[in-house]
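S.K.: Take the sequences, apply the hints, and build the full model.
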Amino acid sequence: DAGITQSPRHKVTETGTPVTLRCHQTENHRYMYWYRQDPGHGLRLIHYSYGVKDTDKGEVSDGYSVSRSKTEDFLLTLESATSSQTSVYFCAISESHTDTQYFGPGTRLTVL
Amino acid sequence: DAKTTQPNSMESNEEEPVHLPCNHSTISGTDYIHWYRQLPSQGPEYVIHGLTSNVNNRMASLAIAEDRKSSTLILHRATLRDAAVYYCIPQNPSGNTGKLIFGQGTTLQVKP
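So the sequence lines, in the order shown, correspond to chains A and B.
End of the first sequence = 98 in this note's numbering, gap-free, step of one.
End of the second sequence = 121 in this note's numbering, gap-free, step of one.
Don't take every hint at face value.
For lysine-lysine, the following PhoX-like pairs were computed, each having C-alpha atoms within a straight-line distance of at most 25 angstroms [unchecked claim]:
#1 108/B - 78/B
#2 43/A - 12/B
#3 39/A - 78/B
Have a look at the derived ranges for each label pair, beta carbon to beta carbon [unchecked claim]:
#4 37/A - 41/B: 33 to 41 angstroms
#5 26/A - 90/B: 21 to 29 angstroms
#6 37/A - 121/B: 23 to 31 angstroms
#7 22/B - 91/A: 27 to 35 angstroms
#8 16/B - 69/A: 30 to 38 angstroms
#9 49/A - 35/B: 24 to 32 angstroms
#10 37/B - 45/A: 12 to 20 angstroms
#11 89/B - -4/A: 37 to 45 angstroms
#12 83/B - 98/A: 14 to 22 angstroms
A short, non-exhaustive set of chain A residues, derived as facing chain B with CB atoms under 8 angstroms [as the list claims (entries may be wrong)]:
#13 29
#14 50
#15 66
#16 70
#17 72
#18 86
#19 89
Source of the hints: derived by calculation from the structure; they are not laboratory data.
Note that the Cβ used here is the ideal one computed from N, Cα and C, for glycine as well.
M.R.: Written out as structure tokens, the structure is:
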């Protein structure tokens, strides 16, 4: 299995609070991705990174920011969490944009 | 981005072959066809991918129609562990995001 961990695995928070989710990899892959998965929707891309300090928006980026200060870590921040951001968040990595993506175990976030 | 159509659900008996169809009639000539699956409470995992020729690996086979408007994922002997949601995903390698667009997928139930 690819070395990908996500933390925390579960989190319950209140509306308006900031939340940061962490994705950590030990594979030295260049690309990292954040997806969210909601009932009735497939996984949707939030943000992705193609190198240290190189990030770009996905299709559902509003209300989220990301940072990547080193190869192994990709952080997803909800500046002010809303109930609509209750979801399961998956991180993925790949060597290049055309290579297989390996997914982490997910973080279940509940915003009350 | 190419649209895909997959059956919502399918059933199979254990140790029997399973053919999971996918229609991708709007696929472009350079899109690869990827298949991922998602076991319950886990992140998606790569199954197989191809461009024009049929492909085999240790997990499955991928049969691609000659006109590339459809493909079929073949599990040669289904096991209980193969119960999952299977996603067919065309991906354009010329883009630089690596974005995977997950549809609703096919939920495969495997009966003992």
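S.K.: With reference to the structure, classify each hint as holding or not holding.
M.R.: Going down the list of hints, with the structure as the test:
1. 108/B - 78/B: Holds. Residue 108/B to residue 78/B sits at ~21 angstroms (cutoff 25 angstroms).
2. 43/A - 12/B: 21 angstroms, holds
3. 39/A - 78/B: This hinted pair is violated, its Cα atoms lying about 39 angstroms apart.
4. 37/A - 41/B: 33 to 41 angstroms: 23 angstroms, violated
5. 26/A - 90/B: 21 to 29 angstroms: Because 26 angstroms falls inside the window, the suggested range holds.
6. 37/A - 121/B: 23 to 31 angstroms: Because 47 angstroms falls outside the window, the suggested range is violated.
7. 22/B - 91/A: 27 to 35 angstroms: Given range 27 to 35 angstroms: holds, Cβ gap about 30 angstroms.
8. 16/B - 69/A: 30 to 38 angstroms: 33 angstroms, holds
9. 49/A - 35/B: 24 to 32 angstroms: 31 angstroms, holds
10. 37/B - 45/A: 12 to 20 angstroms: 19 angstroms, holds
11. 89/B - -4/A: 37 to 45 angstroms: Cβ of residue 89/B to Cβ of residue -4/A: about 27 angstroms, so the range 37 to 45 angstroms is violated.
12. 83/B - 98/A: 14 to 22 angstroms: Given a distance of about 45 angstroms, which is not inside 14 to 22 angstroms, the answer is violated.
13. 29: Holds, about 4 angstroms.
14. 50: Interface hint status for residue 50/A: violated (15 angstroms vs cutoff 8 angstroms).
15. 66: 26 angstroms, violated
16. 70: Hint on residue 70/A: violated, closest Cβ of chain B at ~19 angstroms, above 8 angstroms.
17. 72: Hint violated; residue 72/A Cβ to chain B Cβ min 17 angstroms, cut 8 angstroms.
18. 86: 5 angstroms, holds
19. 89: 3 angstroms, holds
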